[in-house]
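Whole structure, please, built from the sequences with the hints as guidance.
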Amino acid sequence: MTKPILTVKNLAKKYGENIIFKNISLTVNEGDTIVIIGPSGTGKSTLLRCINLLTCPDEGQIWLDDKEITAKGCNEDAVRQHIGMVFQNFLLFNHLTAIENVKLGLTKVKHMNPAEAQIKAMNELERVGLADRANHYPGQLSGGQQQRVAIARALAMDPRIMLFDEPTSALDPELIGEVLEVMRKLALEGMTMLVVTHEMGFAREVADRIVFLEKGSIVEEGTPDELFYKPKFERTREFLWKITELYGKKETEKK
Amino acid sequence: MSEWLAFFQRYLPDFIQGAGVTLELTAIGLGLGFVLGLALALAKLYAPKWLRYLAIGYIELFRGTPLLVQLFLIYYGLPSLGVTLSQSMSAFLALGLNSAAYQAEYFRGAIQSIGASQMTAGRAIGLSRWKTIRYIILPQALRLVIPAWANEPISLLKTTAVVFLIAVQDLMAEGKRAATATYDPIGSYLAIAVIYLIMVFVLNEVLKYLERKTRIPGFEMETKKA
Amino acid sequence: MDVGKFFQYIASGTAYTVAVTFIALPFGLIVGLLFSLLHVYGGKFSSRIMSLYSTIMRGIPPIVLLFILYFIVSGSINLSPFWAGSISLGIVSSAYQMEIIRGAILSVSSGQMMAARAIGMNKLQAIQNVILPQTLRLAIPPWSNEAAIVIKDSSLVYALGVPEILRRAQLISASTQEPFLAFTTAALIYFALVFLTNRLLDLLERKLRIPANP
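Protein chains in written order, with numbering that gives the first Met the number 0: chain W, 0 to 254; chain R, 0 to 225; chain X, 0 to 213.
Warning: the hint list may mix true and false statements.
The calculated lysine-lysine pairs, modelled on BS3-like cross-linking and capped at a C-alpha distance of 25 Å, are [what the hints assert, rightly or not]: (1) W:Lys184 - W:Lys13; (2) X:Lys122 - W:Lys71; (3) X:Lys4 - W:Lys71; (4) W:Lys109 - X:Lys122.
Looking from chain W toward chain X, a few residues come up when the C-beta cut is under 7 Å (computed) [as the list claims (entries may be wrong)]: (5) Asp76; (6) Met84; (7) Asn134; (8) Gly138; (9) Gln139.
Here are some, though not all, of the chain X residues that point toward chain R, as calculated from beta-carbon distances under 7 Å [as the list claims (entries may be wrong)]: (10) Met56; (11) Gly58; (12) Ile59; (13) Leu68; (14) Val72; (15) Leu78; (16) Lys151.
Think of the hints as simulated: they come from the structure by calculation, not from any bench.
Owing to the predicted nature of the structure, the values given are computational and were not obtained by experimental measurement.
The beta carbon of each residue, even a glycine, is placed where N, CA and C say it ideally should be.
What follows is the structure, encoded as structure tokens:
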């Protein structure tokens, strides 16, 4: 079944004179896991933030399912209920416990009744393996645990697609594994995911397609095998193998 | 419009004179407060127990009671103990003693953030405690404190306005005089409000300049301004 | 001289002092909260106006503002010195409280707003459910300071003739010729009020503190 959940066409964004990215087009089909890689500062985060309309793109269009979300008059808040976002810095609500973090969207945005919200929230926490930490505050959780709660929080909204913005970059090395494991599970369950990451092991194992973004443009796009073993551009090969040296080895060593 | 001009023509000289007194009060209060405040901060941090408690008590009392009460205590209360001070003297003293308590806290904060490691370093090269404080800690602390301390001159300038209640002829007193003479309290007090605003603005610019001039990049306190 | 009556006379002014504070402080809080939200979230124009308000209200000595507002207010409506004074102090305090709350809002990381929007909240929901709960906790220590300042500034309504602590101390010092005792008593009562308030707010801060591992 190849139904596109997300379609991006000719997206462009600049800050003043600085072109962050231009001519970005991609399609994410249902159940796909797309991984975006590239050197730091090439606008990958900004791209994700444009997709869930936290930032306004200067040019281009975005469709979620069949609806153009960049159209005038589109209710951005409503759209964001269907796009889940996981941030590099977790951004858990500091004044709420884990379960309250997960529940907040359900009760205040979806207007679910509290009892139902509690049950659903607990389910999501179980899904990420943190049911026993439900009543802990973010300050009482490790980085990996906080990020997993953040994933549960996003999942609770039953999004059409999950966006991950370098979800493990702010984590200590020992904690990266637990988050990647949750993401791997999600992908296997059929969640549609768009992931920005440096974790090459994850990209190789889990991605359906990898997009290589550099200097604001898509250099190349293809399956992991294609990009790693038969890249069309030298630059792609350079980048992938250098990063794999730095990160990939760690990944394969672990399991 | 013409009555405003007439008003200013008549009263501006008086207001300027009053402003001068206000600035004088601020300067002297600030100076007195600086010396005493520094002493209090050092006492609070480094003195033997009894002196430390005295300093703490002083600071708590002067920060925990209104300036106006302190002023009345000095001007009306001291004479019954045999010490009679003029209005100006009472005002200078009250403002100085009051400001000292607030300045002490600024200095204490800055000294503490330089604190223990510098003291260790100083003692390690053979300097006595006092010498370390004098030559190593204070020079750094006094630079570090400037951004936070800059709140005090402005605060003090505004605080001086109450001394007209013991008949010190500051800007507020001139405003009151104009108000009674012209039967236009709103106009008069608005006029001096504007003059206070101007003084605060200028003082603020001067302090910002001072801050800029003395800033050492990377050498800043983590605390927020009051 | 009856020491008991002496103390009682001055202490009865406490009711006025407390009343003035209980009007000025909440007034300042509501206006300050509103203005700070307008400043941070209201757009460029609102922001500039709020800045101006803050600069003016904090650049003039409270007693000058007190007199101006008292004369304006008593000119148009027939308000007693007590009410005119209390509301004037409230207006002054609102500017300082606005800055305190604004500082606290800005300390709550902008990421919190982003995370709230990301789960579909609009700005208002985000402010209400995510930003403000954190802001108000952060604001308690500087607010405790402001509360102490309002208690002390309430002594300014002395100049309007309100029979609060200082005014009573002055009256009784004139009649008993014991100024030092009178004003010392007044000072001690103020001190007790400030001390109590600070301790209570400390307790509140501790109670609301969000648990975290050291």
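Discussion item. Under the constraints set out in the numbered hints, which ones does this structure not fulfil?
Written reply: 1, 3, 7, 10, 13, 14, 15
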